[in-house]
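Q: If you read the protein sequences in the order shown, they are chains A and B.
Sequence positions in the first sequence follow this note's numbering and run 782 to 1064.
Sequence positions in the second sequence follow this note's numbering and run 307 to 1082.
Possibly wrong hints are sitting among the right ones.
Estimated spans, in silico, between C-beta atoms of each pair [to be verified]: (1) B:Tyr-343 / A:Gln-868: 54 to 62 Å; (2) B:Asp-436 / A:Glu-798: 54 to 62 Å; (3) B:Pro-1076 / A:Gln-868: 30 to 38 Å.
Sample of chain B residues facing chain A (criterion: CB under 10 Å; computed from the structure) [claimed, not checked]: (4) Val-356; (5) Thr-450; (6) Ser-453.
Don't read these hints as lab results, they were simulated from the structure.
Glycine included, every Cβ here is placed at the ideal spot set by N, Cα and C.
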Amino acid sequence: MKTTEHIDIRCPRTLAEALRLQADERTRGTLLAGGTDLMVQWASGVPTPVRATSVWNLPEISAIEVCADCLEIGAGVTHAFLVDCTQVHRHLPALAAAAATVGAAQIQARGTLGGNAANASPAGDTAPALLVTGGSVVLASVSGTREVPLDRFWTAYRRIDARPDEIIVAFRLPKKGKAQERFRKIGTRRAQAISKVMAASRILVEKGRIQSVAIALGSIAPTPVRLSEVEALLAGQKPTPALIDEAEKLAQASVRPIADIRSTAEYRRWASGRLVRAALENL
Amino acid sequence: MAKSLPRIRRLVGQPFPRVDADGKARGTTRYLADRHYPGLRHGVVVRSPVPRGILKAVVPDPDFDWTGIVLATAKDIPGINVVHMHDRTMPLLAEIGGEIRYRGEPVGVVAAKTPELAAAAAARVRVEVDELPPLLTLQEAVATFKSAPARFDSMKNQDIVKGDLAHGFAAADEILEAEYWAGHQEQLYLENQGLVVVPQKDGSILAEGSIQCPYFPVHELNDPLKLPPEKIRVRQTPIGGAFGGKEEYPTMLVGYAAVAALKSGRPVKIAYERHEDILFTPKRHPVWSRYKVGFKKDGTLTAIECDFILDGGAYLTISDVVMFRGILHCAVAYRCDHVTIRGKVARTHSVPCGAFRGFGAPQAIWGIESHVDAIAARLGKTPDAYRLQIHARPGDRTPTGQILSKENGATDCLRLALRRADFARKLKQCSRGRLLKGQKKYYGVGLSFFAHGAAFTGDGEAKFKAKGRVELALLDDGRPGVDIRVSSTEMGQGVHTVFTQIAADALDLDPARIRFPLADTALVPNSGPTVASRTTMVVGNVVHRAALDLKSQIEAFAALRHFRGAAARLRGSRLVAQGGKSVPFAKVAREMLAELGGASGFFQFELPADIRWDQTTFKGDSYPGYSWSANVAEIEIDPLTCEIAVKRVCAVLDIGRVVNPVTAAGQVEGGLTQALGYALLEKIGTGPNGLYDAARLQTYIIPTALDVPEFDVKFVEYPYSFAPPGAKGLGELPMDGLAPAIANAVAAAIGVRLRRLPITPEAIHAALHPVSGGAP
Chain A
782 MKTTEHIDIR CPRTLAEALR LQADERTRGT LLAGGTDLMV QWASGVPTPV
832 RATSVWNLPE ISAIEVCADC LEIGAGVTHA FLVDCTQVHR HLPALAAAAA
882 TVGAAQIQAR GTLGGNAANA SPAGDTAPAL LVTGGSVVLA SVSGTREVPL
932 DRFWTAYRRI DARPDEIIVA FRLPKKGKAQ ERFRKIGTRR AQAISKVMAA
982 SRILVEKGRI QSVAIALGSI APTPVRLSEV EALLAGQKPT PALIDEAEKL
1032 AQASVRPIAD IRSTAEYRRW ASGRLVRAAL ENL
Chain B
307 MAKSLPRIRR LVGQPFPRVD ADGKARGTTR YLADRHYPGL RHGVVVRSPV
357 PRGILKAVVP DPDFDWTGIV LATAKDIPGI NVVHMHDRTM PLLAEIGGEI
407 RYRGEPVGVV AAKTPELAAA AAARVRVEVD ELPPLLTLQE AVATFKSAPA
457 RFDSMKNQDI VKGDLAHGFA AADEILEAEY WAGHQEQLYL ENQGLVVVPQ
507 KDGSILAEGS IQCPYFPVHE LNDPLKLPPE KIRVRQTPIG GAFGGKEEYP
557 TMLVGYAAVA ALKSGRPVKI AYERHEDILF TPKRHPVWSR YKVGFKKDGT
607 LTAIECDFIL DGGAYLTISD VVMFRGILHC AVAYRCDHVT IRGKVARTHS
657 VPCGAFRGFG APQAIWGIES HVDAIAARLG KTPDAYRLQI HARPGDRTPT
707 GQILSKENGA TDCLRLALRR ADFARKLKQC SRGRLLKGQK KYYGVGLSFF
757 AHGAAFTGDG EAKFKAKGRV ELALLDDGRP GVDIRVSSTE MGQGVHTVFT
807 QIAADALDLD PARIRFPLAD TALVPNSGPT VASRTTMVVG NVVHRAALDL
857 KSQIEAFAAL RHFRGAAARL RGSRLVAQGG KSVPFAKVAR EMLAELGGAS
907 GFFQFELPAD IRWDQTTFKG DSYPGYSWSA NVAEIEIDPL TCEIAVKRVC
957 AVLDIGRVVN PVTAAGQVEG GLTQALGYAL LEKIGTGPNG LYDAARLQTY
1007 IIPTALDVPE FDVKFVEYPY SFAPPGAKGL GELPMDGLAP AIANAVAAAI
1057 GVRLRRLPIT PEAIHAALHP VSGGAP
């Protein structure tokens, strides 16, 4: 049964102000960005917090900076912004594609990259695309900033490596360079869908061989995951049909998906391999 | 003389704009949630925490502050604790010592000043039940039916028998048998269930809300509320969609709210949130059917045997009639001399299933249309040629012995759909499990062909005699016009618009002078529930005839008053007579309102006298008329992921006279979309705790705009001449047959037939890879 309770929402104007609020247990609140996850959780019986700190529209975390070899994307950047940004399309096409599959236009307009990462759902649409960049998350608190590699950021089901006083401020994501990125999501329908399985990949093929490879899956484990065994199989090899067959089978053997309301374990296992195949064919 | 009059533009057949569009588009239409009721209390239903057991106690927590809060339980029911549905077995609220039959069965109602307080109080009511083992699903029930038929608990049985089955099988060259399953489907109207019950000073009640059939509560709650029909007044608020979901269920909701309203003496509103609405209101009946069909080498059907079992849930409610409609659609569309159909309604310990667009017909058509394709494949015939060969035509006898009339567009629907969809050519492109040259995805095209019996089953309309009035009134602008007084409800399907068209044509009056107030049982005669694809056909005819009756009264009055007795005609909103100067309708109407106190045209529907129906043997004329349709679906399946996309759907329909081609096509596209969801997406099961497992919009997946294919919708018109303007049923037909067309397309794409709905990528994968793992 839905109950509406009073929530004290603080709306700091600057990041510094927000960090000060979060530093003190007495003023600290649940971080609220676009609200697209929290509003749903609050409406469906998750205990409503007493306080929330809004980081929506904080100027310091709402921009994309193009550096020499990476993009630094503010945590408050919306999915709609990612979809529209030509720099993201050029340097991080898997992330642009992933953002385009989030919910529908309304959710994309409100939901943020930082919020999607902080919500830490194994089905978070942007997570696999973030993982394959080999980049990192920048966290801030009143005592300074620290950087956490993305492949260590999601520590367990719905857990992230962040202290209660920290705010995700940005993602530092290396550009793909000459590598190819791909993204594919199998959802429950064609829009407004949560994924059953999804995959992102960043693969560099030079002189006929796979020089570097990163493949990540979502919705098949408690956290978004890199397929390190499959990556190890592929590294340095020629992407032959036989190798692709082997990678597909290895992916299927290496994942331990669960059955839930959206899909079956069997299908998820099979589809994991199929999406690995899709990442490798016609490179 | 007639030539000098202006040419009359008929509205029937025209794309007349929706009369309710303005208020809905601007947001000025006031739904239940927009209305204010002084002194209102909010009701929350207290429910059983287990699916089955003996109710021991309903105890309010003494540590909770109950000041100003009312808890009504079975002992507060003024009369006998039973709701009149099609049997009298369901209590309004479960009794102490009585059996709980489904998880969530109401045991009490809490009413408090705010919804939050009511919810908090309801959570503090302890419901004690001595648990008994439940039987939760149709799967379990069918397993019992197969292994120990004597223990199978059927709430209703009905057979249809034509000819001699043994004779038919003996004449067959081959016999094909298969089983077909489909699960629940949620109506998912935009506006959740909700209504308010206002107790009146004289002890009567007024119920107002999102109610599809206002007369149902009037006649179904007399026992528990101890009120005669005239003391239960029901008024419709604008309805944000219903699809059958607000047919029988609001009766129960009126009952829950009424018990709390009568106890508290205050208006009580119960309005569900989406989660509660999905969890505890009726769904489409899950079905299991088993077809055993005999046929000759040339394809002639010699015998059809069908077992057809619906999951009725915990109480019968209206499931008998849903099953009747199901068995009447199991074999109606094909020629066969020896038919036996055995229908049953299984009892399970789950929320009673109920009305949903199609009402048993989609479940029946899902089986037979899959099976006919399977027989065609066995015979080496194409699905189109085979259906053209065996489909029923005018003069043929249905399984109940009804002779199909000439007002029958069956063959036209089939031929036109095949031509428009270019079916024969596309059939050659089907992948059948192997990508053809140039194909990146498996491609399949599938056909279905079916009828929908319009209006009440059998002699229902003959017995019911739908009544309606069309009467003079001063409209909102203070000028005279006409009110349509029928109990048919607008719920998005467009009845206010088509009845305005019909009345305007009959009266030859400006449609702006016609008003169709929301139904109120104190003001409208009983023209029946808004169900069964009967409204335009049956009540449309009542409106037409009542309007003609009113017209003749106006003309008679005008003849005497203005034309010295010369015959007057109402034409183009004016009264005209030979040799006289025409008089505006408004002037004559004002005179009639002032001098006669008004005027009212009336009509009571009757069926042709030669209709024959035997309700015990199910022999005779099972429906007054049949609508027909053929659907062609084109689909693609991605071999990489088994994801399925419907690319194009062609639907050709004979719905008799098309009153409004735009709203009709809209209804068709909406129904096809709902059918697409039924076929591919809408999966909801009963968990071991007795609750539905997909009870949120996040988990109950209906199609979005992106899931909807390109539609090609065409009508062929074979009007029902007995009831001008000649409509047959439309509302349910588009929901009936797309699922098997899609399933047939899937079979053509992957070479494997799937016999369980919905057809998900998981199901396709499992069909293609019987042992998990590995690539195709």
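Q: Going through the earlier hints one by one, which of them does the structure break, listed in rising order?
A: 3, 4, 5 and 6
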